[in-house]
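Under our numbering, think of the first position of the sequence shown as 1, with each following residue one higher.
Just so you know, these hints were derived from the structure itself, not from any lab.
Mixed in with the good hints, there may be bad ones.
[To be verified] Label-pair restraints from in silico Cβ distances: (1) T260 with G64: 18 to 26 Å; (2) W201 with A13: 31 to 39 Å; (3) L251 with V82: 25 to 33 Å; (4) L175 with Q208: 44 to 52 Å; (5) G166 with A215: 39 to 47 Å; (6) P240 with T81: 32 to 40 Å; (7) G19 with P240: 38 to 46 Å.
Think of the CB as a built atom: it goes at the ideal place given N, C-alpha and C, for glycine as much as any other residue.
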Amino acid sequence: MTDFRISYGTEVADALRNGWPVVALESTIVSHGLPRPENLRVAREIEQTVRDAGAVPATIGMIGGELVVGLDDAQLTRLATVDGVTKLSVRDLAVAAATGADGATTVAATSAVAAAAGIGVFATGGLGGVHREAAHTFDESADLITLARTPIAVVCAGVKSILDVGATLERLETLGVAVVGYRTRRFPGFYLTDSGFDLDWSVDSAEQVAAVLAARDGHAVHAGGLIIANPLPVNEQLDPELHDRTLAEGLALLERDGVTGKAVTPYLLAHFHSATEGASLAVNVRIILRNADLAARIAVAAARATAFPA
């Protein structure tokens with residue numbers, strides 16, 4: 001393979017050509033984030049949620065070395081069901097393409113590819129961030145530095161609560177990444193509605209987010225990302241006592257088993273799924289579906305503002 005250009009699904013190519021609203025979706029949640037066979041069912045449900053809100057879903061991934069924006073159902077099924085799918089961050093894309101890999105894109109890779117494809121809105125579950133022992137390990141997700149230099153709006157439920165939330169917010173501030181709460185001034189904690197940290201800014205509607213994006217583009221001063229933190233309603237969050245107990249157990253198991261680096265997050269998420277008897281998985285699914293809906297509404301508002309400027 002010598003042609004390494006990005007490929008586009010037919011539906012996504014038509015949408016981009018015609019200025020229709022598009023929402024980028026990651027594929028890591030399909031291959032690594034959810035257990036089989038729920039992963040494929042949920043992936044399809046996420047795409048349908050975007051369509052129901054008036055936008056076109058563009059799930060991003062790599063098939064046999066080909067980077068695809070807008071996986072079709074057969075490609076989505078392949079990433080959801082075959083073994084050996086590689087987890088791809090931005091740094092991995094070229095190497096994976098040259099070696100013909102099947103790969104699922106992380107938040108960082110999906111953001112970078114989406115922006116390169118001209119897609120301005122991305123829905124995910126939770127961001128990566130600064131790990132709890134980062135002062136000793138320097139373990140920090142590539143999501144943060146990528147968002148500092150990528151003009152993408154990311155709808156998420158904060159960062160995963162297994163991380164150091166306070167340190168992550170400090171790093172985002174240092175990197176110049178704007179964070180706004182959707183109808184809240186509190187930063188969500190992924191499984192939990194409230195992580196315990198305040199936010200400086202909030203927005204009340206998809207149209208207001210679209211206005212923020214228009215202002216960023218109009219100023220042409222700052223090309224970094226915008227994080228829209230979309231918390232779960234209190235009655236949909238994971239029980240806080242169960243969450244705290246499960247997290248403490250998981251952190252102790254991490255130390256016992258010597259798990260480090262990129263293995264930490266999937267290890268802890270698997271522990272949550274097992275220890276909560278699937279309750280955390282149900283919350284995870286609610287998170288991504290709510291974020292997909294909001295992202296689609298933002299994409300629709302942004303497309304409308306571009307087509308009919310004030």
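Verification of the supplied hints:
no. : hint                       : verdict
1   : T260 with G64: 18 to 26 Å  : 31 Å, violated
2   : W201 with A13: 31 to 39 Å  : 35 Å, holds
3   : L251 with V82: 25 to 33 Å  : 32 Å, holds
4   : L175 with Q208: 44 to 52 Å : 23 Å, violated
5   : G166 with A215: 39 to 47 Å : 28 Å, violated
6   : P240 with T81: 32 to 40 Å  : 35 Å, holds
7   : G19 with P240: 38 to 46 Å  : 44 Å, holds
Hints 1, 4, 5 from the list above are not met by this structure, while the remaining hints are.
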